[in-house]
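Number of protein chains: 2
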Amino acid sequence: MSLHFHDVETYLSQRSAFIQADRALRRENGRLGVLTEKEKQGDAIIRQIRKDEESSVWAKDYNGIPHPFPGMEFLTGKYIIDQTKLFQIVQKMPKGALLHAHFDATVNTKWLLERALQYPQIHVRTPAQVTSTSIGSILPEFRPRPHSTALLSPESGNLTSSAYTPGGWVPLAHARQSFSSEMGGPEGFDKWALDSMMINPAEAYGTHNTVTKIWKKFLSTFSVASPLVLFRPIFVQYIRQFLLSSIEDGISYAEPRINFYDRVMYDENGQANVPHREWLLDFDRVLKELKEEMKDQGREDEFIGAKIIYTTVRVVSAKELEWYTEDCINLKQEFPHLIAGFDLVGDENVGKPLTEYITPLLAFKKRVEELSLDIPLLLHAGETLGDGTKADDNLYDAILLGTKRIGHGFSIVKHPRLMEICREKGIALEVCPISNEILRLTSSMPMHPLPILLNHGVPIALNSDDPAIFGYMGLSYDFFQVIASSEVTGLLTLAQIARDSITFSTLDPSEKARTLALWEKRWDEYLDKIISQDI
Amino acid sequence: MSLHFHDVETYLSQRSAFIQADRALRRENGRLGVLTEKEKQGDAIIRQIRKDEESSVWAKDYNGIPHPFPGMEFLTGKYIIDQTKLFQIVQKMPKGALLHAHFDATVNTKWLLERALQYPQIHVRTPAQVTSTSIGSILPEFRPRPHSTALLSPESGNLTSSAYTPGGWVPLAHARQSFSSEMGGPEGFDKWALDSMMINPAEAYGTHNTVTKIWKKFLSTFSVASPLVLFRPIFVQYIRQFLLSSIEDGISYAEPRINFYDRVMYDENGQANVPHREWLLDFDRVLKELKEEMKDQGREDEFIGAKIIYTTVRVVSAKELEWYTEDCINLKQEFPHLIAGFDLVGDENVGKPLTEYITPLLAFKKRVEELSLDIPLLLHAGETLGDGTKADDNLYDAILLGTKRIGHGFSIVKHPRLMEICREKGIALEVCPISNEILRLTSSMPMHPLPILLNHGVPIALNSDDPAIFGYMGLSYDFFQVIASSEVTGLLTLAQIARDSITFSTLDPSEKARTLALWEKRWDEYLDKIISQDI
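Each protein sequence line maps, in turn, to chains A and B. At position 76 of the first sequence (counting the first as 1) the number is 76 in full-length UniProt numbering, and the numbers step up by one without a gap. At position 101 of the second sequence (counting the first as 1) the number is 101 in full-length UniProt numbering, and the numbers step up by one without a gap.
Wrong hints could be hidden among the right ones.
Identical copies carry no separate label here, and so any pair may be met within one copy or between two of them.
What the hints assert, rightly or not - List of simulated lysine-lysine pairs, DSSO-like, C-alpha gap at most 27 Å:
1. Lys390 / Lys85
2. Lys78 / Lys213
3. Lys352 / Lys365
4. Lys60 / Lys213
5. Lys390 / Lys40
Just so you know, the hints here were simulated from the structure itself, not pulled from any lab data.
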């Protein structure tokens, strides 16, 4: 770069080269020289629509939405996003692989509640009578129980009645039906139950507007929903529902994280006795059935399959972790095609750092190697605003432990050497834009570090993390938030991200090649649709 | 980095080396090997206090402050900051140089209003009667005017009376005295006037909670205050007040940006006829007087002096800019010791991008070179959340135009090549943490990109930008926000930042060496005070 220019023309030509050099690490740039006419056209169309909608959609006034802008807070902006042409187009995009989603937060909570209501085994209780003043803070506790549970009287099974004995189990349908009309009756019950399993805008952007506070609400949604998901008859349907909604959104392969912290789930009789092995048998069966169905519909190319990332929670002791790593190895040996890798979940700011697990994790890696198994670590790290805190430092350990990908890695942008290693060694980041925003790591998309990662050439995949809690399915909203809030990012960036989601999956080389080829075919058809305005 | 470890001990030693490698670019790291015992001790003390106050101060409940945390929103957190020992210590630190502050927003607005009230020349008007419903949105317009202005009747000079003729000029003291008691009387007037010159928390974090909206309020504060500052009798005292409060805060040298967009200021008769040359004569005289006073007090080592960064506003046309660059050259020729450089100010997201000024700026550089003058460009660039927008792209132009420092450079963290150039060529960033937060580029300090810059080895100086509007003086709050919100940053980081503020100033080599030496002496004394708990 020369800093001496004698005329504007020289200046401007140097300027272009300068910008190119600055963006040289962007992963989609490798393709810029070989772009098809279709790709250029499709990209231009998207850019024009985005530009138009900046004024036609985002500059308008919306009742109850104080500051609309592209990439704004998702929970209040969703209403506007749904009205955009850009979203309609992004929805139809083939997304590649979903690499970061916590299984028990991937299916519409309304669907989950409706399903639960069909089983007399499902009961509910509260620690106190639900009143119009306590309803905002009291949480339902759900649990599958044996049929036998009987009520002393109908009123004793009314959570909103003074006749209710705090802590007493009530059949779900009865609790709903008898819910006081002052609190909305059965619909009021539904609202209360769904609110307890989701985060609403008043919480994320008002009462719980810090990482620490929103995590409390976030974790409580899991506590409420989890006993419903871990009821085997629902579990089986939940798997199917998760996969169907993924396929619906253009996702052709998924690696959900299943939480195996609970050593058993509830069987259809409401007994907690279903071991992990059975969970995988169920997963395998549903997967096979769905693939058959897709084949019967001539849609087998839309869905390659799914694998499970085995996870437990970063509250276990180093000693306890050994039980889980051993369990994971056993499952991998029996279901080599189903186990994708191993991880620990939970709030990194609060839970144990990776340093506390070095001994069992090194032992695990050694054993995996001895057994010639393929169980990569796929560790959460750096999901934090901290600078030099234990959560931020987890990034060093994740990389030193040889993680294949990094879950979130939100704080890695502070670490020049770590970004370099990710770029050079091909460690992809599972970036979850909407989750990061709702969990208050960023107040909106323009503040999200994603553009830093893209310009530093760090491979990334976009992910939804816990879409049920955030009120959506699939990856379309995440892709939308990314393309809506940057002028650099275009359709070709999204394509690269989708390609990379497949490239950095745990699919074996031949599966990967096939999945990529199928994606390219769909991508080509997608471009046709954009260009012919068929979306 | 090897990814194969056989035991925990090897792992942990490699881990330390790994973290060091990641932080190798940090500018304070060069000194880590030669730290004195004092420095180590001082740093440890600060870290302990910060840690203690995380629970003793920040984990408490404060009435009206929903979410206290270190590095929180300044306008609500200031009340808590003021109670910390950490702030007390930071206040006493020798800060080095102030390199980025807009002169007309550097002195306490209360002081400004009190001063204005002493001059019968200062008048005020409003576009309509001020009522209890309009007071929240109606702005006062101040202006020095010839003595002669007379009122038809006392009531006609009451802005809150229906007898007031909208747009009619009223002597300031009369307007204040007659302000309706329903709106608080004279104190109500003061509140209204001060509110119009400052940003309050309800605006920054509520009604104006986006960059676009808060900039509207921000610019209006300048419109209100500027005619008071540009009244020569006040201007002269304002310079003195700015320098005194800087010295008070441990700043030993300043490079304020003065806005020369208005070609004349008001003289003591309320006539707009004082040319820029006279502004500099005033500045020079005040500076000399103050240095004399400091010398008389035996404090000459605390204050080296000040230079002016000549600025105009990025609304002028390329043609108009030529008048300003020529004006700047003329001033530099007459006052070589007073002109530090040249810049353009205003909202980069809205105003003209640097690309529109390439021709006049290249011509300016050429002429400066021909005349053998030293007028570096010190350009604002990248004060934006945009990714690939004109404001973000200003960074390319600022660097290509050879800027000596970058004003803000907030978005540079997205640009790997630009960070590298800043590191290699020694282009320092004038970072303004509190300004960035209040102007909604970041919602709090933990989200600020500063740690990214520090870890990438980009030289930076901390700055206050427009402290009068944000309700503080000096740099202590900015230094506090930085050290309070990072575990990596310690006292030695702050020292490096202070050193760099001198290193990257426009002082000539011998002045610079002297200023640095004086700073080192004060630093040493400061460490003594920390260690002996004398603060």
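Ascending list of hint numbers which this structure does not respect: none
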